[in-house]
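**Q** Sequence:
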Amino acid sequence: MQPPAISGSRVELAAAMKAGGEDGRRHTLRGRRGLVVAQVALAVLLIATAGLMVRSFQAVRKVDLGFAPDRVLIAELRPPDADYPNAVAQQAYFERATAVVASLPGVVSVGSAEYVPLNHETAQVRYRPTANLPPDAWPRAITSRVSPEYFRALGMPILAGRDFEGGDLPDAPPVVAVSQSLAAQEWPDGDVLGRTLMIGPPGDAHPATVGAVVGDVHWTDLTGAVRPHIYRPLSQLPTSYRRLVIAAGARPSAEVRAVRRALAGGDPNVPVSIRPMSDIVGENDHVWG
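The opening position of the sequence shown corresponds to residue 303 in our numbering, with each subsequent residue numbered one higher.
Hints were generated in silico from the structure; no laboratory data involved.
Using N, Cα and C, we set each Cβ at its ideal position, and we do this for glycine too.
Certain hints may be false.
[Unchecked claim] Computed beta-carbon distance windows for the label pairs:
hint, residue 1, residue 2, range
1, A384, D491, 22 to 32 Å
2, D491, R562, 45 to 55 Å
3, G469, R398, 40 to 50 Å
4, G469, D493, 21 to 31 Å
5, T525, L435, 25 to 35 Å
Using the sequences and the hints given, assemble the complete structure.
**A** As structure tokens, then:
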């Protein structure tokens, strides 16, 4: 027979273990309930965040870009300097390339440009819209060099004036097209055509006549405000590389092979990169405001 002290200790130990087990189960249940609450709260947060992202994405897709990307291909051309050593040879190549692509059955129009919207390339220039503006007050605008048919191929409206044309040569009077926002900012009375802009840094600026007003475009991002823009003709300020802006039919991707084949037929040694304009726009979809 065990001593009473030992027997009593066992009884107390058993009672303590039973109580501890009940406490442990209560703690486990409370922990599980807390975990369920946390999971539900996280799920609600994720659903709300996903809904916000979807609404933001839909809002971005509804932005008026100022141009029509869905039927446009961009072909980047960089003729080798060894084969095209000067501006005259380069210009002749670009003219041939434009003509051969424009002749394809599925192509509506072709222009060219130094840069295109939303491609993460931006050049700026200072300008003076009036004679009495001090140099430290000259505003800045985005600037692009483009060819005839660029605005039409990209789906940009010419609101007043004329497109660039073959007569806009280096020895002709400099001409520019300005965006609607720049025109409204500098000449709110609407008297824009024929105005003179001084373009370039103060002390080294050159005059150019406004020959057209074109629609605004989102150039640097999808959600920010449009910025003033000055377009200048490539025929007066040529570059050694260009992007052909090719307006095709309802399925521009179906024309990629034909465009590539036509350009290779003109000169297979010129590197060519072709992308749908919609892909370039799509790269900016993640930048949501």
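**Q** Now tell me if each hint is right for this structure.
**A** Hint check results:
no., hint, result
1, A384 to D491: 22 to 32 Å, "violated, 52 Å"
2, D491 to R562: 45 to 55 Å, "holds, 49 Å"
3, G469 to R398: 40 to 50 Å, "violated, 20 Å"
4, G469 to D493: 21 to 31 Å, "holds, 24 Å"
5, T525 to L435: 25 to 35 Å, "holds, 31 Å"
In terms of the numbered hints stated before, the structure departs from hints 1, 3, listed from lowest to highest.
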